[in-house]
Structure formats: structure tokens, C-alpha cells
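Chains as they are written, first to last, in my numbering: chain A, 1 to 618; chain B, 1001 to 1159; chain C, 2001 to 2415.
Worth double-checking, as some hints may not be accurate.
As the list claims (entries may be wrong) - A few chain B residues facing chain A, derived, Cβ under 8 angstroms: (1) G1014; (2) C1015; (3) L1016; (4) Q1017; (5) M1020; (6) Q1025; (7) L1029; (8) K1034.
Worth flagging that the hints you see were computed from the coordinates, not collected in a lab.
Ideal Cβ placement from N, Cα and C applies to all residues, glycine included.
The lines below spell out each chain.
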Amino acid sequence: MAWTKKYLRVNLTEGTIKVEDLNMAWANEYLGQRGLATRYLIDEIDPKCDALSPENKMIMTTGPLTGTMASTGGRYSVVCKSPLTGAVACSNSGGLFGAELKSAGWDMIIFEGKSASPVYLSIQNEKAELLSAEALWGKSVWEADAILHKTHQDPQLKVAAVGRSAEQGCLYAAIVNDMHRAAGRSGVGTVMASKNLKAVVVRGTRGVGNIKDMPRFMDATNAGKAVLAENPVTGQGLPALGTQVLMNVINEVGAMPTRNMRETQFEGAHKIAGEAMLEPRKSDGKPNLTRNGGCFGCTIACGRISTIDRTHFSVQDKPEYWGNSGGLEYEAAWAMGSDCGVDDLDALTYANFLCNEDGMDPISFGATLAAAMEMFEDGDLTTEQTGGMELKFGSAEALCWAAEVVATGEGFGADLGLGSKRLCEKYGRPELSMTVKGQEFPAYDPRGMQGMGLTYATSNRGACHLRSYTVSSEVLGVPVKTDPLETDGKADLVKAFQDATAAVDSAGLCIFTTFAWSMEDIAPQVDAACEGEWSVEKMLEVGERVWQLERQFNQAAGIGGDQDTLPKRLLTEGAGSGPAQGKVAELDKMLPQYYELRGWNTDGSMTDATRQKWNLPA
Amino acid sequence: MQKSLTIDPEKCTGCLQCEMACSYQSDGLFNPSKSRIKVFNFHEEGRFVPYTCTQCDEAWCLHACPVDAITLDASTGAKIVNADTCVGCKVCTIACPFGTVNYNSDTGKVAKCDLCAGDPACAKACPTDAITYVDADATGYERMKEWAAKTDAGMTAGA
Amino acid sequence: MHHVIIGAGPAGVVAAENLRKLDPTAKISIYGAEREVPYSRMAIPYFLIENVPEQGTHLRKNDRHYDLMNIEVHQQRVDKIDAAAKALSLEDGSTVNYDKLLIATGSHPVRPPIPGMELENVHSCWTLEDGRAIAEKAKPGNTVVLMGAGFIGCIILESLAIRGVDLTVVEAENRMVPRMMNEISGNLIKRWCEEKGVNVRTSTRVDGIEEGGDKALKLSFNDGSTMEADVVICATGVRPNIAFLEGSGINTDEGILVNPYLETSQADIFAAGDVCQGLDFSTGSYMVQAIQPTAADHGMLAANNMVDGREQRHRGCVNMNVLDTMGLISASFGLWEGSGGDRSALEDYDNYRYLELQFEDDVLVGANSLGLTQHVGVLRGLIQSRTRLGKWKEKLMQDPTRVMEAYLACAQAQA
């Protein structure tokens, strides 16, 4: 139970919508959301297909705990083949959209084919229909959101949409829901736009029930909430400072990638950190941060709600940006900040607003701009290509301009929308792309945090921190403290984190709970909600099965062990300062052991024995 | 002293645990759309405002009901809809100037906050104490009552 | 002290209860003309669809309610008021003296002056007795014609449709519920009914009804067409019950004229409810509203002013209505037709959703809605508190569905 056991299959080519029963045998193996949708994807598409062709499918999917009173139980994921990496894409988002979809009675929506003209899907409980999006095409997410609310005359309507960047083919376009929550990574928004699907709007008033043992579920979720409240990270750090609590911490340990990862510490970090967001500014005496906000059911509430200084050059003539909106999270602040050398908090907030408004992944956007800045400083790029803009590290003007042109795809914005790998190849400097499998790094330099090097190299969706957040262990000491500069034991650590994360992502919960929750806290909540037995062991088994399945998809897509690597800079150029000074990412010390733990061949390929062990499709 | 729900929007993060708790209490499942307490999101202002019935003394809903389906719970001061008696005529939904009595087309009856017989589920579920159940003279409640008086059709002496 | 109340509807009963609260020792008597326990006409449609038993229509559910409150309830029609003698003549010829009198005699259905209205199978739908008769005759397969698509007509539509009758509604105006909903929403309600299988003929008048044909009745219309029917239900409006006041010295117009204290032109005689031409909040003029909330408000206020030493001035009632027409919920508030200020409207024809707001300057003065069930009461709240909307006026001009936000921001100072 907890699942609605029904999903929608929307054929955009035919314009048809069918109701289908959830495959409960698969649900028993993969739980839901990330795992279950990937099982459907691998069953239904050729992993070698062109990600932007009608052959690709896009699945919006909830977990069994989505829409329940479990803390953070409001997540949904978008699963498809990524146009950025060619690997499996699975991007997770909070806000209210996922819970609303569940409350409308649907575990998932599978989109297939491509509509002949722009459409959006409207769901009102059991009623689902494709409607014309001609009036929405060419609009930003925020504009589309306003139009859709007005059209449907319902302030409670939940909207997930793509912006102009996706329409223009930006390869790291996100799907943005509830104005500023995003299924951000790997270009899932680009896939959505490629299907001529502008938005999905949902109103669900049926509620979420089907809980196996409701009293036990309430006890288990209450116990979980108490653990979150008492933990210093989830109970204090994240509500007060958001993920930005990390900025100063990571900078101090010397793992803050700076200026396209040329350096590992940023001198301006304190100006863009979570603490800086609380400082009253000169113009109006207000801080950048108005308050924290929670996604559906979240008792942590790490979300930032911010304003930009009205006197700042980016918005002084744009009152439409003077109100509150989604503020800086650590990854965005890092990518657009230290990775580009920009220490202007308001410029970062403005660029972040634009990333939300037009649906760009701020990590890939910032990291791509950082690569462009390095090429500009090296003379590979000139104002001739940029149309006049000096792309210098540290230029807040360049950052704001870049966000504007990527949002619309104008001029050099189209090049920046290619992502770092393709941009660097285009301008003859492929080695400057800080990516794995074509996806840009997040905010932890593997030279100063060895576990993250292995994490990036082996992540099934390309470089990503949300596939195994060993930062928890290497910096925060959760669940146990490990030395960030040490490689010993990191293969085990990464595998354990990867498996646990895959299980959490398949349940409908937020990964941030795991700062406080272990699987001993999570499994009882899943077990009380879902039919079957969901012990700690079963949850970890599900997690590993999901990981193996994703690996299987990538291998079938032609992405093998040769891509389990890191850019040369990280493997050969030692960190310039901080505790990791002189250190490189020692991937070769960890990777063979990792393959062995996974039960793969020494070249990283899947063995038949492993495939059989996990009952993976051939 | 009688207690009342006191709401401090400054503390609300918009997580909707209260809405789920309310709907669970009354309907046995998690359904914010059927909650008697509703959190409003003032996006531009960066503010979340939980809102529900203040159990006002004027009790327009109670007086407007043509079939005596809304009664006073003397122990809590709550105005309670007796679902067996309610015919679903909706007069109370237009009579309540706070908009806190709503019609539920699934049941064909109206629904409003009943203070959970003195142990409100929303207050228990709120992780930030934005909703508390405290002595009735606490801050905020009086202001809402003042506004209630302003809406009065003519029950205020000499107005 | 003897308080006498003529009329056992909501206004009369609420008044009696409030009198008891304010004047614990007084004698309180209600005289109702119908041979029924005090009941609510609002509940008749729900009795017709068998949602509630007959007892479910009663204003008060406890059999001993009036005894417990020491309120006498008499089933006797009052024929005459002698204001000079402070006495009433009852239908049985007896006389009752009063110290303070409240007239809450309600209203009665009007029948158009056409031939055939007196025929056996032509009914009003107003009293519980009418309801019983209709329940008896509106059998599955029978053809029923409903004259009048006003509030009462619409509210009994569903009960008739559920009974499986072949239903035709005839309305003289160009839309349904013309005195509550504007042209757009009134016609959306019409289309809604048609989609549910009801035959709706607007801008049509019944010219006459006669006996004969295959069915009991034959109707002729102003366009020359005819149709046969088993039953005709007349719901073409109601008028205040004031005929018995002739010669009493109590001034009447459409209803009983009152001052801002709900007192009539005769000392110690008050009026409340449907019969009372009371103060309208929006226009400042006196009019018959004939709605449940106003009856209750009047009853409360009149009772207060009947007690010696108490005096409250009426600030006027907001005219408002809520209606469920076969599941489509509509509401109107205040000056829903507008008064020359800005209007903001959103229409969704496909989904039967509609919201129109009427402003004077930045104050909400009226509204019409379709399909709105959540927080609808704040429309009344905003109108009656005359809340200045400030910057929210412009936001509502852009999107009227944000009215709850506007209410919280402006009326509750929450944002």
C-alpha cells in the first residue's frame, strides 16, 4: 500500500492518455520513485536512443511516502535518458507538486512520443487531459505559472514547467515546480521541452491513504521527526542557514572548487556564505534572507526565501525581481560564486532567480560559465564570440548577463547552454571541462575530499553529490568521521552511501534527512506504510538493486568503465592551498576496490553473476 | 481559562504538516485539500500564514444554520458541525465572514475546525510552534476578534 | 411582560430564543399558521431527495426544546392586529394580548395570473405539505414542468431529477436565477442543467394550463407551443405575508416598513425576516431580502430591541445567496451587478468556473461565483467590513481568485 497502484501513460504523439496498473512485483523490488521508474524506463526504451528524440520517455514519479506525514515526504523524481550525459537521468524535487500528484491518485506519469504542437497536461484527480500550450510557449516558468493559475482559476493548482532555456535546447534545463523547486540536473527539462510538453498542472483532492498500519506509521513518522528536531544539522544548521551552512565549512577544509577548479579555496567565500545572507544590507537594512521555507511535509525547512537588494545593478530597473523568491542554496552559490570567482551576493541571488524563472540547473550553468571564463582568460574565447561581454573571473556583470542569455538562448547563451563539455570541445579546450560523463561537478573538490572523487567518477548520472554524499562522513562525521584526504575505506563508504541514497530516493523522502536518519529510522516508516516487509536489510538491498539497474542502463547505452574517471586537472594538478595542498584526486587507489565490491569486472563492466543476483533485465 | 489556537505566521515554514494532521484527524488520510486549517503562501512577501476558525463569539455560522446543525461545545468553546444533522445547504459558508466554514462536495456536508475536542492535531503536528493551543487571551487572537466585530451586521450596541 | 411572535420560521424562533436569553422571566409565545413543528424551508429540498427524514427539517432537533426554554408554540393563524389594544385575533376567534410584538410571518409563493393555476396537479413548492405532495406525485417517468428557475426552482431541480422524472424548466427571463446571478453565470447554470438532461426554456412564459390530453395537464406557452405534463410545480417567486395587516396601521410597501431598530410604524411592534423590508447594507435602502442569514440577523436584533432598556441600531444585512443546482454551486453577494466601479472576472466555460468581483474604488462591494466552495465567506467579510484593498485591488483585477490572499493581507493584516 501507500502506492496508489495507478499511473498515467501519456502518448504525446497520439494525444492519448491511458490509466495503467502499477507493476507491484517491480514495486516490491524497487520500492518506488527513482528505482521503480528506472525499471520502467529500461523496459520501455532503447538505452542507445537519442535522448531528445520521441523514442526517449520521461517519467514523473512519486515514492510510496510521497504525500504522507512522513517528514520530507513530498518528493518526486523525473527519470529519462539524459541529453547532457547520455546516461540515465533521475532528478529529484520537493515543493508541493509531487504530493499533489499523489493526492490526485497517481504514482507516476509516463510521457512518450512527441506532440506535434506545444501542449500541457492538466490533471484534476481522475480527469487528465492534454491542452494547448501555444499561449505558454516562449514564456518563462514564472510567466507560465501565472497564466496557468489564472486559466484554471485555482490558487491551489500545482505547476511544474520548463522555461525558455529548455525550449531553446539548453542541455541542462530543469523542470521547475512551485516557482522555485526544481528537478534540476541532467537536462530533464530539455527532454520535456523536446516533447513539446510545456507544463504539467495538478490538482489532487483525493488524499493519500492506503497506509498498511496507520497507527504504527504515525508512531514511526513521529519518532523520525523527533530525531530530525534533535539533530544539530537538521534541527538547527539547515533551518537557520540552509545548505549554505556548508560554504565556510567546505572552504576551510580546502575542498571549495574555485575558478573552474583551478583552486580549492575561495577568498570571497564568507561574502556569499549562509551567514552573509543574514547580514542587514546598507540600502534598506534588510538581510538577503527573509525566512526559511519547507517543502511538503518537511520538518527541516532548509529552503531559502530571499530578496535582492533593490539598488543592486542587476535589478534596479526591474521591480518584478524585488519580491521574495527562492534564494541561494549552497550548490548554486558555489557554482555561480566561487567557481566563477564572483563574491557579489546580490548578483548570485539574481542569477539564481533567473535559473528558477527559466529553468536552468545552476550547478551546470555556473560550472559551464566558469569553464568559459577560463577559456576567455586564456584567449580561447574573445568578445567576438561573446558579443562584447568580458567573461572574466570575478565579474558579477558577466554572471548576470550569462544567466540572461542562457535563459533566452540568445547569442552566446546558446553556446553556454551546451554545457561545459561541449563548450570546451567547441573552443578546443576539452581538458578545461570539469565534468564526468558530461555532467558538471558540484561543490566539493575531490582533491580535498577523496570520497567525493570516487563518488563523481562512478555516479550513474555523471558528476553529482546527491548519489553518495560522503561529505557527511568526511566533514561532518555522519555516521562516522573519516579522513577526507585518506583513500582507504572510501570504496566501501561510497558504495554504502550510494545504496542508502538510492533507497531514500525510491521512498519519496529527501536525502537531507540522512544527516540525522540512518536506515534504522527510515525502514520502520516505509514498513508501516507499505505492504510487504521493509526491513533495514531489504531497504539496502533495494538501494543496491537500483544502483545496479542504473549501471545496467548506462552500460547498454554505451557508457562503460572507461567513463568512470575524473578530469585530468583533478588527477594531476595538486591543490594549491589549504589542508589538501599538493594533493590530487587518487581515484586509481579506490576504483578497483569499488568495482570488486560491486561485483563487476575489472574494466567496470557488469558480470552475468551480478546481473542474475539482482534479477536485472538482460 | 478556555484555550484557543494561536497562530504565529513568523514561525511558519509552509510545510503543511498541520493540514495533513487535520485531515488525518477527521478523515483518516492525508489530504490537505480537506483540511480545516489552511496555510496561505504569500510568495512575494516570503510569508506563510496558517488560517482557521477563531471560534468567534458572534458565531454567524451557528446562527445562520437553518437546521441547528452547528452547536457550541461548552468545554472548548468550539462551534461544531454535527454531520448527521447538516443538510448541506451551505448558508453557513456564506454567512461566516472569515471564510472558515467550507463545503465538502464528497460528503455533501460542510466542515469547520472543531478544536479536536480540546487537543488540536494541527498544533501537535506543527514543528515550529507556529500553531499553539494556549490560553485564549494570548496575542493575536484579540485582533481577530476585533475584526470580527467590524463585520457584525448589527449586533454591536449603538454602532 | 409578554413577548408575542407571529411566525414560526427561522426569524421567529431565533428571536424567541434570544428574547429568552435577554429576558429570562418574560412570557414568550410563538404563533405559527402551519400545523407543523417549527421547520426550515431551506431543508425541504433535502427532505425531497430523502437525504434527511422529515424531522431533519425541524429548526430545533430536541422535541422538548421550546418547553425547556419556556417558549410557547401555538399552531394558530393570526388574523388581525389591534395595535391600539395591543391584542391579536386568532383564527379560532380568541384574542391574545401582547406587550411587545414581532411580526415574522415570512412570505408566500406567488402564482402568475394565468388560467389553470388552481388545478389539482399544479403545486407550489414552499411548505412541508407541498413537499410531501410533490414527493408523492413526482414519480419516475412522469413529466414534470417547473415554472420559474429562481432560487427555489433551482434548489429543487436536483430533487426532481433524482426522482427520475422527465423535467422541463420554464423561465421568463433570459437566464437561470436572474435575481441572483448575472447573464454569464446564469447561462452557465442553464447549460449545466441541460448537460444533466433537464430541458431548460429561458425567455419563455406559460400562458395557460388546462386539463386533458394523455397526461393530466396541457400547457401552452407564449411562443404558441404546447406540451403535456403530469405535474406542474410553480416556483415563480414569493411575496411577504402582509395582507393580514390591512387596517392595523402598520405601514407597508413591498414588505413591512421598519426603522433602523426594526420597529414598525406602530409602537412596540417589530418586524423580522422575509416579511420585513429591512436595511440593505450595500445600498443603504430598505428592501425585502428573503434570505436565511438575514432572517437570523433580524431575529437576533429585533429580540434585543424588544427588551426594555436595550437598543441596537441595524447596520444593514448584506444580500447574499448560495445555491446548489444539481451539484453546481453558485453564490452572490451584495452589489453583484456592480455599481459603476471596476469589475474583475474570470470565466472558465469548460469547467463551469466563474468569479466576478465588483468594486467601488478599492473596496469590494459585490461578487458572483460559480464552482467556488472554499473560503467563500470572505467575500461577505470583505464587503461588510468595507476593507480597503490598497495594492491588492490591482492584484484582484489581474486575478480575482486571489481573493483569500487579499482578505488575509488586508482584513487580517497578515501580509
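Hints and how they fare:
The beta carbon of G1014 (chain B) is positioned within 8 angstroms of a beta carbon in chain A (closest approach about 5 angstroms), and the interface hint is therefore held. Among the interface hints, the one on C1015 (chain B) holds; its C-beta lies about 4 angstroms from the nearest C-beta in chain A, closer than the 8 angstroms criterion. A cut of 8 angstroms between beta carbons decides the hint on L1016 (chain B): the least distance to chain A is about 6 angstroms, and the hint holds. Satisfaction of the interface hint for Q1017 (chain B) is found here, the shortest Cβ-Cβ separation to chain A being roughly 6 angstroms, below the 8 angstroms cut-off.
For M1020 (chain B), the suggested interface contact is upheld, since its CB lies about 5 angstroms from the closest CB of chain A, less than 8 angstroms. For Q1025 (chain B), the interface hint is violated, since its Cβ never comes within 8 angstroms of a Cβ in chain A; the closest pair sits about 11 angstroms apart. For L1029 (chain B), the shortest C-beta to C-beta distance to chain A is roughly 3 angstroms, which falls under 8 angstroms, so the interface hint holds. Annotation: interface hint on K1034 (chain B) holds; nearest CB of chain A at approximately 7 angstroms, less than 8 angstroms.
The structure fails to meet hint 6 from the earlier list, while all remaining hints are met.
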